[in-house]
Amino acid sequence: MTLHARRETRLWLAQRVSAAVLAICVIVHLITIIYATRGGLSAEEILARTRGSTGWLAFYVLFVLAVAVHVPIGLRTIAIEWLGWTGLTRDWLLAAFGVVLIVMGFSAAAAVFL
Amino acid sequence: MSMLRVSVWRGTEEGNYVDYDVPRQTSQTILDVVTYIQRKLEPTLAYRYACRVGMCGSCAMTVNGVARWTCRTHVSAVAGEGGRLQIAPLANLPVIRDLATDMREFFNKWTRAKGYFKGSRTRHDDFAAVIPTSTQARALQAGIECIGCGVCYASCDVVGWRADYLGPAALNRAWTLLNDVRDDSNSERVRAVSGDAGCHSCHTHISCTERCPKHIAPTASIAGLKRATVNATLKGRV
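Protein sequences, first through last, are from chains Y and D.
With positions in the first sequence counted from 1, the corresponding number in our numbering is that position plus 412.
With positions in the second sequence counted from 1, the corresponding number in our numbering is that position plus 72.
FYI, nobody ran anything at the bench for these hints, they're computed from the structure.
For each residue, glycine too, the CB sits at the ideal point set by N, CA and C.
It is possible that some hints are incorrect.
[As the list claims (entries may be wrong)] Covered, in the sense of this in silico footprint (three residues per stretch, anywhere, with C-beta under 8 Å from a C-beta of chain Y), are these stretches of chain D:
{"id": "1", "segment": "110-117"}
{"id": "2", "segment": "292-304"}
[Said to hold, decoys possible] Which residues of chain Y face chain D? A partial, calculated answer using Cβ under 10 Å:
{"id": "3", "residue": "E420"}
{"id": "4", "residue": "T421"}
{"id": "5", "residue": "R422"}
{"id": "6", "residue": "L425"}
{"id": "7", "residue": "T444"}
{"id": "8", "residue": "R461"}
{"id": "9", "residue": "R463"}
{"id": "10", "residue": "T466"}
{"id": "11", "residue": "L487"}
{"id": "12", "residue": "T489"}
{"id": "13", "residue": "I492"}
{"id": "14", "residue": "W494"}
{"id": "15", "residue": "G496"}
{"id": "16", "residue": "T501"}
{"id": "17", "residue": "W504"}
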């Protein structure tokens, strides 16, 4: 019971903290997209600004990590509430999905940085 | 005399609505309507009530789709222009028969949430000093008037989705006890409400707070429990 309580509380906290990070990241991301497209920047011009920019790399690494924490925990709740699916298999599958999100996200961040 | 057309749920989990015509009275409550049907039209109708004045929490039902205490709900407030009423048992609880639900699981969850007082003082000890203006005393006062009617529980989406969720009433009770300086079982209580069907399952839809006839805010109590459980976890007390 104690382990249960600690795990659930930590997951909840991780969900809330990652949500707070995402709230900022999504706003910055959207403003950047709108600025870049409405400003008429071409793909080359955008890449010229992101390549070698450690600031943008750090921002998107943080963004991807927040997504990789937030999404599996949210799906876990949906799995319980909609499918009644509980247990370790579910948790391992969702953890694996989090790793997939990290790999996909990091490769996307690397593509505009390198 | 104007009449009300009232559809009442008859049966258990399986059943159907049966229509009754009830004379309209001034200051008539939903409980008056149900009692009229039982006494004059359908003696086998099962329903539950006791005090009739909003104290006991026995008479809650679903009225026109919304969980309400029927003794303090006037027909004029819910019947609308056409004078139609639909009365059903509370949602999220097994139906015993007609309008009477089985409240056992509802109250078992209070026990599971450690929603009962456990002190260690004896008659030989001095009184506990409770400062009425303290944050704890205020938090306790905000939730203490719960009459256990089950309206919040029946209105909760999360209870509908997962039957093991402790629900707003049990969690509100746990929060009031967590703020009771005389109670000394708070680490057990924090653990009890942190499980995977505890306070963290709340989605803050606020239906419980909107529907509570006593104007308690179980949502705020649950938020308090979330803060308390996070504090306890970060300090290694869980």
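For the restraint on R461 of chain Y, tell me whether the closest CB of chain D is nearer than 10 Å. Check failed: Cβ of R461 of chain Y comes no nearer than 40 Å to chain D, outside 10 Å.
Per-residue hint verdict: E420 of chain Y, partner chain D, C-beta under 10 Å: Holds: closest Cβ of chain D sits about 5 Å from E420 of chain Y, inside 10 Å.
In terms of beta carbon proximity below 8 Å, does the segment 292-304 of chain D have 3 or more residues touching chain Y? holds (count 4)
Hint status (Cβ of R463 of chain Y to nearest Cβ of chain D, threshold 10 Å): 40 Å, violated
Does the closest beta carbon of chain D sit nearer than 10 Å to the beta carbon of W504 of chain Y? 16 Å, violated
Given T466 of chain Y was flagged as interface, is its beta-carbon under 10 Å from a beta-carbon of chain D? 32 Å, violated
Under 10 Å, Cβ to Cβ, is where T444 of chain Y needs to be relative to chain D, so tell me if that hint holds or is violated. 30 Å, violated
Have a go at the I492 of chain Y hint: is there a Cβ in chain D nearer than 10 Å to its own Cβ? With a closest approach of 6 Å, the I492 of chain Y hint holds.
Holds or violated: the hint that R422 of chain Y contacts chain D, with Cβ atoms closer than 10 Å. 6 Å, holds
Given hint W494 of chain Y near chain D, where the shortest CB pair must fall under 10 Å: 7 Å, holds
Measuring from the C-beta of L487 of chain Y to each C-beta in chain D, is the shortest one below 10 Å? 15 Å, violated
Coverage assertion for the segment 110-117 of chain D with respect to chain Y, Cβ distance below 8 Å, three residues required: violated (count 0)
The structure shown violates the earlier hints numbered 1, 7, 8, 9, 10, 11, 16, 17.
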